[in-house]
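Protein chains in written order, with this note's numbering: chain V, 1 to 207; chain B, 1 to 259.
Hints are computed from structural coordinates only; laboratory data are not their basis. Do not take every clue at face value.
Said to hold, decoys possible - Heads up, simulated EDC-like pairs for lysine to aspartate or glutamate below, C-alpha to C-alpha not over 16 Å straight-line:
1) B:K224 / V:E113
2) V:K119 / B:E214
3) V:K105 / V:D95
4) V:K119 / B:D226
5) V:K119 / B:E167
6) B:K132 / B:D64
7) B:K221 / V:E113
8) B:K164 / B:E135
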Amino acid sequence: MIAIIDYKAGNLTSVARAVNYLGFSCKITNDRKDIMASDHIIFPGVGAAGKAMTNLADLGLDRMLNEAYRAAKPILGICLGTQIIFEHSEEDDADCLGLLPGSVKRFPDLLYENGMRLKIPHMGWNNVRWVREHPVFASLPDNLQYYFVHSFYPEPNDEGLGVGKTTYGIEFSSAVAKENLVAVQFHPEKSGQPGLKILSNFCLWRP
Amino acid sequence: MLSKRIIPCLDVRDGKTTKGIKFKDNVDIGDPVAMARFYYEEGADELVFYDITASSEHRPIMIDVVRRVAEEIFIPFSVGGGIRSVDDMREVLLAGAEKVSVNSAAVKNPGLINEGAKAFGNQCIVLGMDVKKVEKSAKISSGYEIVIQGGRTYMGIDALWWAKEAENLGAGEICLNSIDADGTQEGYELNLTRMISEAVGIPVIASGGAGHPEHLYQVLKIGKADAALIASMTHYGTYKMREIKEYLNKRDIQIRMTW
Numbered sequence: 001m002i003a004i005i006d007y008k009a010g011n012l013t014s015v016a017r018a019v020n021y022l023g024f025s026c027k028i029t030n031d032r033k034d035i036m037a038s039d040h041i042i043f044p045g046v047g048a049a050g051k052a053m054t055n056l057a058d059l060g061l062d063r064m065l066n067e068a069y070r071a072a073k074p075i076l077g078i079c080l081g082t083q084i085i086f087e088h089s090e091e092d093d094a095d096c097l098g099l100l101p102g103s104v105k106r107f108p109d110l111l112y113e114n115g116m117r118l119k120i121p122h123m124g125w126n127n128v129r130w131v132r133e134h135p136v137f138a139s140l141p142d143n144l145q146y147y148f149v150h151s152f153y154p155e156p157n158d159e160g161l162g163v164g165k166t167t168y169g170i171e172f173s174s175a176v177a178k179e180n181l182v183a184v185q186f187h188p189e190k191s192g193q194p195g196l197k198i199l200s201n202f203c204l205w206r207p
Numbered sequence: 001m002l003s004k005r006i007i008p009c010l011d012v013r014d015g016k017t018t019k020g021i022k023f024k025d026n027v028d029i030g031d032p033v034a035m036a037r038f039y040y041e042e043g044a045d046e047l048v049f050y051d052i053t054a055s056s057e058h059r060p061i062m063i064d065v066v067r068r069v070a071e072e073i074f075i076p077f078s079v080g081g082g083i084r085s086v087d088d089m090r091e092v093l094l095a096g097a098e099k100v101s102v103n104s105a106a107v108k109n110p111g112l113i114n115e116g117a118k119a120f121g122n123q124c125i126v127l128g129m130d131v132k133k134v135e136k137s138a139k140i141s142s143g144y145e146i147v148i149q150g151g152r153t154y155m156g157i158d159a160l161w162w163a164k165e166a167e168n169l170g171a172g173e174i175c176l177n178s179i180d181a182d183g184t185q186e187g188y189e190l191n192l193t194r195m196i197s198e199a200v201g202i203p204v205i206a207s208g209g210a211g212h213p214e215h216l217y218q219v220l221k222i223g224k225a226d227a228a229l230i231a232s233m234t235h236y237g238t239y240k241m242r243e244i245k246e247y248l249n250k251r252d253i254q255i256r257m258t259w
């Protein structure tokens with residue numbers, strides 16, 4: 001069973017629908033028994049970092065996620081879930097889970113590409129260039145596009161964590177991985193076939 | 001680099017798509033779920049559903065459509081039409097839509113944008129604007145006025161002011177429909193689109209007037225829109241999604257070409 005972590009951060013049903021569509025069973029949950037009994041954990045989320053961290057702490061999920069990570073359970077972070085896996089976010093100046101070294105930064109207000117001022121949030125389809133191989137991103141060619149919606153981006157302290165890079169005025173890590181943890185800034189559940197492929201690779205992944 | 005989005009718009013009444021659509025034989029032309037699936041496979045970057053059901057008693061039918069669409073397609077889609085409260089928004093989002101679009105309800109009650117953005121995040125709230133060109137005046141200094149009821153009622157609100165106001169209130173995106181261009185298939189309202197797009201820091205979807213891929217080129221390039229809404233030009237089979245995308249791609253517009 002795949003546990004989709006419910007910490008009141010946005011709508012989790014689209015992740016569950018995509019996972020079900022791929023033929024895997026999943027449960028939207030914040031129950032310790034479910035989470036520790038699951039084979040895989042998906043940690044999604046939409047919203048703001050500060051509120052998300054408060055909710056996680058209130059539900060005891062911060063410690064639980066740490067524990068699951070140490071127990072070598074495969075974990076997939078998505079969007080806000082990815083951001084709060086790092087140590088700190090500029091959004092709400094929030095201290096985060098710290099499973100990965102690094103922080104989350106806001107896109108600069110004045111962001112340009114080819115002389116055009118870019119809008120924030122970064123919303124829509126953008127490329128991901130893979131910088132190293134990883135089983136969860138296997139058989140996905142370079143420069144397919146994925147759906148993004150965000151105003152903040154992760155900046156790992158260790159260059160070696162980056163798996164995929166995306167450019168929006170600046171280049172940032174749109175996919176990172178360490179041991180049993182993978183995390184993407186885009187929404188695989190809203191990224192058509194390439195996104196479904198990532199979800200299915202993850203659900204079959206045995207790190 | 002971020003791609004420009006091509007977004008087919010489907011009108012739904014009492015759970016059925018209303019425009020006769022010349023699809024392949026195996027697609028039920030009246031079934032919004034089958035049509036959503038078709039456009040998903042054709043490479044649409046996003047979809048817009050507009051509920052034109054007159055009576056609110058039929059609302060559960062639309063929610064059921066949203067739920068079934070969400071089970072079949074894995075790209076973002078928004079739902080508009082008849083959304084008057086945060087509860088209406090919640091219902092549509094929980095059924096699986098990525099975004100909700102508010103139009104006349106937000107004109108009458110601008111606080112709705114703010115309440116929705118606070119409850120679900122700015123990225124969920126699309127402001128739909130219906131706009132008509134008018135004589136410039138002290139009140140309507142941009143020369144574009146907000147209208148409702150399909151253009152029958154002028155609201156005395158300047159479109160440029162309203163776009164900026166909606167951004168301040170927390171709208172994450174604007175879907176800008178020119179009532180003058182709508183249905184003509186003679187091209188988008190480029191001046192209007194450019195004016196609004198340059199004035200706000202949120203994405204603008206241009207709507208109304210698409211009849212040829214060149215029109216999309218113009219509105220994305222000259223009009224500086226972030227996305228283009230289309231309806232008739234693909235609904236009636238005149239153009240395929242891929243044809244439109246290839247046309248734009250050849251003319252150096254950044255487009256998602258593989259899906």
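Against the structure, the hints:
no., hint, in the structure
1, B:K224 / V:E113, "holds, 14 Å"
2, V:K119 / B:E214, "violated, 24 Å"
3, V:K105 / V:D95, "holds, 13 Å"
4, V:K119 / B:D226, "holds, 9 Å"
5, V:K119 / B:E167, "holds, 12 Å"
6, B:K132 / B:D64, "violated, 34 Å"
7, B:K221 / V:E113, "holds, 15 Å"
8, B:K164 / B:E135, "violated, 21 Å"
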